[in-house]
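Participant: Below are the chains, spelled out letter by letter.
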Amino acid sequence: MSHYHPINLGWSVQGLRWLGLLTQLVGLLALTSGCVLVVPVPTAYHPPGSRRNLTADTAGRFARGGATVYDVVLALGEPDEAVADASQLTYRWERVNLHLLWGWAIPLGETAVGQTWEKTYSRRYAVSFEFDPAGLLQGVKATNERNEVTREQ
Amino acid sequence: MKASEPSAADPFECREGNPTKSKARPGREFLLAALLLVLAGCTTYRNESPQLTASVPLLASLQCGKTTRQELVNDWGVPAASLKGGRIVFYRLEGNGQRLRFSEEAGTWKESRHSLVLIFDANGVLEKSSFVRIQ
Numbered sequence: 000m001s002h003y004h005p006i007n008l009g010w011s012v013q014g015l016r017w018l019g020l021l022t023q024l025v026g027l028l029a030l031t032s033g034c035v036l037v038v039p040v041p042t043a044y045h046p047p048g049s050r051r052n053l054t055a056d057t058a059g060r061f062a063r064g065g066a067t068v069y070d071v072v073l074a075l076g077e078p079d080e081a082v083a084d085a086s087q088l089t090y091r092w093e094r095v096n097l098h099l100l101w102g103w104a105i106p107l108g109e110t111a112v113g114q115t116w117e118k119t120y121s122r123r124y125a126v127s128f129e130f131d132p133a134g135l136l137q138g139v140k141a142t143n144e145r146n147e148v149t150r151e152q
Numbered sequence: 000m001k002a003s004e005p006s007a008a009d010p011f012e013c014r015e016g017n018p019t020k021s022k023a024r025p026g027r028e029f030l031l032a033a034l035l036l037v038l039a040g041c042t043t044y045r046n047e048s049p050q051l052t053a054s055v056p057l058l059a060s061l062q063c064g065k066t067t068r069q070e071l072v073n074d075w076g077v078p079a080a081s082l083k084g085g086r087i088v089f090y091r092l093e094g095n096g097q098r099l100r101f102s103e104e105a106g107t108w109k110e111s112r113h114s115l116v117l118i119f120d121a122n123g124v125l126e127k128s129s130f131v132r133i134q
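Chains as they are written, first to last, in numbering that gives the first Met the number 0: chain D, 0 to 152; chain S, 0 to 134.
Please keep in mind that the hints were generated in silico from the structure rather than gathered at the bench.
One or more of the hints may lead you astray.
As the list claims (entries may be wrong) - Here are some of the chain D residues that sit facing chain S, going by a computed Cβ distance under 7 Å: (1) G33; (2) V40; (3) P47; (4) R50; (5) N52; (6) R63; (7) G65; (8) Y69; (9) L73; (10) E77; (11) A81.
On a predicted model such as this, the values are computed, not experimentally measured, just so you know.
Using N, Cα and C, we set each Cβ at its ideal position, and we do this for glycine too.
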């Protein structure tokens, strides 16, 4: 009496064992003949286009109620965003903290197949100054957010 | 106090090191120096104070109490930005030293490296100015 088994495709137990062994062997060969790379590169630089005259301490340089909008622009230069009446000025900058390179490669005769990626981890900073109608500094808000960019190479 | 006893508090005192106790580790020192060099090279903030415009040859013609906003528009063109109805005006400059020139770049700071800040009074006459290094 034979029972139909839904996953039995006609392979014998010994055949399945051989197939499993072959798969493992191919996988092992691929891993040992090729390579997998993961390279973290710590950095600390401003990307092109980012201003470099501000730091996280900039927000504390100006006294609320004492500093004026003129003091801020004379010290920091043109803001990156501003309300036309200068009631709010925002300065932005970015710092790249890490490049992460990873990929794989397997030699095939005289050539090789593989792929690499590069991920850039940076942090985007912003400092916003708010002024009253008389132009006196009323509030400072500093923010920063993580930014990740992946590139396939 | 004995004459030969060194005074510990004198910062100008010459001290001879004991060569038998010094353990030089050039490998570790080299690595530390290389690491410091790399880190020092990476941290390039431009925190210098704004310059006076009188110290920049290209901007030496600016005179507080005399120069007007309209004169500058005629000579230098439309400013990069202005606020408070023209009371605050910004120009951008690229290059350095003798090669300093006005920039037409807007938005990011890829080419322009300096921001010229001009504060005018209600009559459009220059009151204050500064030259800020951005890049």
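Participant: The structure should be examined with respect to each hint, and the outcome stated for every one.
Facilitator: How the hints compare with the structure:
| no. | hint | result |
| --- | --- | --- |
| 1 | G33 | violated, 31 Å |
| 2 | V40 | violated, 11 Å |
| 3 | P47 | holds, 5 Å |
| 4 | R50 | holds, 5 Å |
| 5 | N52 | holds, 4 Å |
| 6 | R63 | violated, 20 Å |
| 7 | G65 | violated, 17 Å |
| 8 | Y69 | holds, 5 Å |
| 9 | L73 | holds, 4 Å |
| 10 | E77 | holds, 4 Å |
| 11 | A81 | holds, 6 Å |
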